[in-house]
Structure formats: C-alpha cells, structure tokens
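Colleague: Dock chains B and C against the given chain A, drawing on the hints supplied.
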Amino acid sequence: MNELKEKTYKRSHEPVFWGLFGAGGMLCAFITPVMILITGLLIPLGYINRSHFDYNNLHAFASTWYGALIILVLIALPLWHTFHRIFHGLHDLGIKRGRDWQRVLCYGFAFTVSVFIATLLFAMF
Amino acid sequence: MSKRKPYIRKLETNWWLKTGFYTRYMLREGSCIFITLYSLILTWGIFNLSQGESSFNMWLDTLQNPFFIILHLIVLIFALYHSITWFALAPKAIALWVKGTRIEDSVIIATHYAAFAIVTVLCLLIITL
Amino acid sequence: MNKKTIVIDILRYRPEMDEKPFTQSFEVPYIEDTSILEALQYIKDHLDSTISFRWSCRMAICGSCGLMIDNIPKLGCKAFLRDYYPNKISLEPLANFPIERDLVVVMDDFMQKLESVKPYLIPGDNACMSSGEYQQTPLQMEKYKQFSMCINCGLCYAACPQYGLDNNFIGPAALALLARYDRDSRDAGSAQRMKILNQEEGVWGCTFVGYCSTVCPKKVDPAAAIQLLKVESSKDYLIGLFKPD
Numbered sequence: 001m002n003e004l005k006e007k008t009y010k011r012s013h014e015p016v017f018w019g020l021f022g023a024g025g026m027l028c029a030f031i032t033p034v035m036i037l038i039t040g041l042l043i044p045l046g047y048i049n050r051s052h053f054d055y056n057n058l059h060a061f062a063s064t065w066y067g068a069l070i071i072l073v074l075i076a077l078p079l080w081h082t083f084h085r086i087f088h089g090l091h092d093l094g095i096k097r098g099r100d101w102q103r104v105l106c107y108g109f110a111f112t113v114s115v116f117i118a119t120l121l122f123a124m125f
Numbered sequence: 126m127s128k129r130k131p132y133i134r135k136l137e138t139n140w141w142l143k144t145g146f147y148t149r150y151m152l153r154e155g156s157c158i159f160i161t162l163y164s165l166i167l168t169w170g171i172f173n174l175s176q177g178e179s180s181f182n183m184w185l186d187t188l189q190n191p192f193f194i195i196l197h198l199i200v201l202i203f204a205l206y207h208s209i210t211w212f213a214l215a216p217k218a219i220a221l222w223v224k225g226t227r228i229e230d231s232v233i234i235a236t237h238y239a240a241f242a243i244v245t246v247l248c249l250l251i252i253t254l
Numbered sequence: 255m256n257k258k259t260i261v262i263d264i265l266r267y268r269p270e271m272d273e274k275p276f277t278q279s280f281e282v283p284y285i286e287d288t289s290i291l292e293a294l295q296y297i298k299d300h301l302d303s304t305i306s307f308r309w310s311c312r313m314a315i316c317g318s319c320g321l322m323i324d325n326i327p328k329l330g331c332k333a334f335l336r337d338y339y340p341n342k343i344s345l346e347p348l349a350n351f352p353i354e355r356d357l358v359v360v361m362d363d364f365m366q367k368l369e370s371v372k373p374y375l376i377p378g379d380n381a382c383m384s385s386g387e388y389q390q391t392p393l394q395m396e397k398y399k400q401f402s403m404c405i406n407c408g409l410c411y412a413a414c415p416q417y418g419l420d421n422n423f424i425g426p427a428a429l430a431l432l433a434r435y436d437r438d439s440r441d442a443g444s445a446q447r448m449k450i451l452n453q454e455e456g457v458w459g460c461t462f463v464g465y466c467s468t469v470c471p472k473k474v475d476p477a478a479a480i481q482l483l484k485v486e487s488s489k490d491y492l493i494g495l496f497k498p499d
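Protein chains in written order, with the working numbering: chain A, 1 to 125; chain B, 126 to 254; chain C, 255 to 499.
So here's chain A without its partners, still in its complex pose (with noise of 0.2 Å):
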C-alpha cells in the first residue's frame, strides 16, 4: 500500500508494427491463396496458358507507376506481416536473449527487401 506515487509509462513503438502486421495479414489472407494457385500452380502446370503472364506484358506492366506500386505491395507487404509473426514467435518458442537483436534483424530483413524490389522495379521504369 505504499504505492502513492504515479507510476511513469512507457510508450510502445508497436503500434508501427502492428499496423504493417495488419495490413500485410489482411493482403494474405484476400489474395495471397489465389496468386500461389496462379503464379505457382496453374501456370507451371499449364492450365493457365504461359502467355497469359509473358515477359513482354508483365515488363510493361511493372513499367507503369501503378504496375509497380501494385507488384511492391503484393510482394513486400506480405513479409511485414510475416517477419512481425517470426519475431514474436521467437519470444513464443523461448529464446528470450538479444530480443533487440531479434527484432533488427526479422524487420531489417523485411525492410532490405523491400527496398530491393523497389530498387529493381525502378530500374524497369
């Protein structure tokens, strides 16, 4: 009962995460399924005619601004979602040491390639 005094709080950055976490696990869960039948399946087994997804349409659609604004967020978003998941999953499975060191690399990660795919699809423009 000696605790009179306000107790100071300190402010979680996760809401950032978080945010990315949601957006990127809602991306996942609308459309990821659908573009592993497409890209995954159904093309490299034929049922969906290769011409259909050919160098020369895909290249100009990654050419435009919108093509490739699309192509980086279905692509890079999803590893947001994904690195937040493996960073708590490292605390969940119990390997509580250099948990800043857990949490610069899953992010870090996500965040070079993110700025990889950019980089290649500005070099596409």
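Read the hints as simulated data drawn from the structure, not as lab findings. Idealized CB from N, CA, C, for every residue including glycine. Mixed in with the good hints there might be a few duds.
[Claimed, not checked] Quick list of in silico lysine to aspartate or glutamate cross-link-like pairs, EDC-like style, CA-CA up to 20 Å:
no., chain 1, residue 1, chain 2, residue 2
1, B, LYS130, C, GLU292
2, C, LYS472, B, ASP230
3, C, LYS298, C, GLU281
4, B, LYS135, C, ASP362
5, A, LYS7, C, GLU454
6, B, LYS135, C, GLU273
7, B, LYS135, C, GLU292
8, C, LYS399, B, ASP230
9, B, LYS130, C, ASP272
10, A, LYS10, C, GLU396
11, B, LYS128, C, GLU454
12, B, LYS128, C, ASP362
13, C, LYS258, C, GLU286
14, A, LYS96, C, GLU455
15, A, LYS7, C, GLU455
16, C, LYS274, B, GLU137
17, B, LYS135, C, ASP272
18, B, LYS128, C, GLU281
19, B, LYS143, C, ASP324
20, A, LYS10, C, GLU454
21, C, LYS332, C, GLU292
22, C, LYS397, B, GLU229
23, B, LYS217, C, ASP324
24, A, LYS7, C, GLU369
25, B, LYS224, C, ASP324
26, A, LYS10, C, GLU273
27, B, LYS135, C, GLU486
[Unchecked claim] Computed footprint of chain C on chain A; a stretch qualifies when at least three of its residues, placed anywhere within it, have a C-beta under 8 Å from a C-beta of chain C:
no., segment
28, 15 to 23
29, 89 to 103
Modeller: Relative to chain A, chains B and C alone:
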C-alpha cells in the same frame, strides 16, 4: 516463522505441443514461414524480370520443377490456413454497432468469405482474359 | 454390489515438507451429477483431510475453484465427473501461477494487475454531487456489460502463454476490466488508462492466441477486448506523432 514457499513452475519450451489449441496457434503463426518463402520466390521472379526475357523464362521453367510444384502446394495449404484463421478472428477485432445491437460474428465472417471468393474469381479472370 | 468409481490424480505440494510437487491418486465413487469440486470435497472428508483447495459458492459466481482439469483451466464447480468417466482425471493447480499449496495458487500478481488498470469510474472535470446521479441508457450499458461479467477466477491467465512466458504482461482479465471502464459512458478516465495500454506490457504483450476467451466461464471474451484496445492504442500513437504531449 512462515512456512510459505511458493513453487514456481516454468513454462516449458514445448508448451505449444501440449494442447491442441496452442498447436493450432503455432501452426497459424508458422504459416508465415511459408508465405515468406513465397514472397521470396516472387522477389526472385521480379529480379529475373529485370534481367531480361530469357532470364524471366528460365524462372518460369524452374517453377515447373516438381520440387517447386510441391512447395507451392504446401505454401497454398498454409496460406489458406492463414486465411481461415484470419477470418475466424476478424469479428473480435471489429465492433460494428447498428441501431443498438452489435453485428453478429457470423455476418462479419460470411462477409469476409464472400470478399475472398470475389477477389479469387476476379484475379483468375484478370489473368486469363 | 460393485459401485462405480473414478480415479482422480491430484498434483500435490506441501511447502513445509516437499521440495517439488508430486502426483497422488484417489479413487472416488462415481455419480453422474458429482462436480469436480464435490469430488475434491469427498476426498477431503473421507480420504485425505490434508488436501488443500479453494472454493466458496459452488455455482460459478465466486471464481475461487479454478484449477487445471486434464490440463485445461476450468472451474471445479462447472465441470463434472460424467464429462470424463470412465477415464482418469488429472487435477493440477492453475498454470502460470506459483503454487501456494496443493491446488491453491498465489494470486497476488493477478490481483495487483487488476488494481493497476484503475478499475473504477473516474469522473470528468465538471462532475459534482449536486448534478445528481449518473444516468445510463440500456444501450450505453450494453457497450460494456459483457466485460463486466468477469468473476476474477484467473482461468484466462492460466490459459495465456504470453503471461506464462513473461508475467510483466498485464494479461487478459485486467485488460478486459480496463475495457469495461473505458467503455462506460459515466467514465472519463480513458486518457489515464491509455498510458497503461500503450506500454509493451500493456496490450502489446498479446499475440492474439485467443485461448483466454475460450476458457472464460463467463463468456467475457478478453481477446476481443484486447484487439479493440490495440486499435485504440494505435490511434493514440498516430495522434501522438502529430501532437506530442
């Protein structure tokens, strides 16, 4: 003298194997590993796209390898599991009140599945048309 | 005549003589409408009077008799032998809490967490006695009623691996209690409680396992309360970026 000696149990590292509920949670969280792989495969594809036509076609050829077909099949299963769990939990993160009553969980879930079906059909149409 | 019986394994711990807990088996008569709590009372009355467990109301309202039944947090008064017969039943003290003795756990930390969220109406600046009683419409009450049904049994803490991994996390019941006052139309303490939410050990300690809501005997749904509070905390974060206080 007090005989109190509280015994503290540590949560074991394999806690998530002990109850089906926890295991399903870990599978849900684990789906992210497969989705990560898929994003990296696509990143690799974009890299090849930027390298020219032959490079890009080589990437498409590689995806025909049975290894990648099976990998994509596994990834698809986990991605669907992610979708199912995401939709199942959606009502907990959404509180919509209309005329003094909260919208039923089942309505929110059904809306998500309807949107999922529309997105899926739309994507298949866009790619084939 | 052969009377039906059922075996109950109890995790025992007597701090004055045991280094660590051990399992003791008891055989009790099987009757269809015997609750787990009544079986424990039978054991204490007829088989071993040294066994300790908490109980009071026998009707799922006091929240005293929480324990792990076959590794699932439940109220002893709300689970019955018939749900397990003819299998053996294992009883352990609530997970994630220190064991005081036998099935009794130390709940001090839990109580402290409940207190820490300012679980009382915080009046606004211009509220005064002369303005009369607080009035509330049924609709205003509906917004928080679910979260006010908590009986502080602690099952959700036993179900929460995040609390088990790191007990700095405020935890499900306390956050649901916070939501209960936050949503009350008579309360003006949201800004004070927002600081509690915004911490790493506030809402951000939760990874939405969701088991808390499954085991809750009163359908409080702490997981939903926490997700909605995460949204509130995120909004507050955004506002804080543009308007630091």
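Colleague: Between A:LYS7 and C:GLU454, is the straight-line Cα distance small enough, at 20 Å or below?
Modeller: Given that 20 Å is the threshold and the Cα spacing comes to 15 Å, the pair holds.
Colleague: Assess, step by step, whether the Cα of B:LYS143 is no farther than 20 Å from the Cα of C:ASP324, and give holds or violated.
Modeller: holds, 11 Å
Colleague: Is it true that the CA of C:LYS332 sits at most 20 Å from the CA of C:GLU292?
Modeller: This hinted pair holds, its Cα atoms lying about 10 Å apart.
Colleague: Given the hinted pair A:LYS7 and C:GLU369, is their Cα-Cα distance within 20 Å?
Modeller: Status holds; Cα separation ~13 Å.
Colleague: Residue count check for the segment 15 to 23 of chain A against chain C: does it reach three with CB-CB under 8 Å?
Modeller: holds (count 4)
Colleague: Would the hint linking A:LYS96 and C:GLU455 be met if the CA-CA limit is 20 Å?
Modeller: holds, 15 Å
Colleague: Between C:LYS258 and C:GLU286, does the CA-CA distance stay at or below 20 Å?
Modeller: holds, 10 Å
Colleague: Is the Cα-Cα distance between B:LYS135 and C:ASP272 20 Å or less?
Modeller: holds, 18 Å
Colleague: Holds or violated: C:LYS274 with B:GLU137, Cα cutoff 20 Å?
Modeller: holds, 16 Å
Colleague: Between C:LYS472 and B:ASP230, is the straight-line Cα distance small enough, at 20 Å or below?
Modeller: At roughly 18 Å apart (the allowed maximum being 20 Å), B:ASP230 and C:LYS472 satisfy the hint.
Colleague: Next pair to validate is B:LYS128 with C:GLU454; report whether the Cα-Cα distance is within 20 Å.
Modeller: Cα-Cα ~36 Å, so violated.
Colleague: Does the alpha-carbon distance linking C:LYS298 and C:GLU281 stay inside the 20 Å limit?
Modeller: Between C:LYS298 and C:GLU281 the Cα gap is close to 12 Å, so the pair holds against 20 Å.
Going down the numbered hints, you'll see the structure goes against 1, 7, 10, 11, 18, 23, 25, 26, 27, while the others check out.
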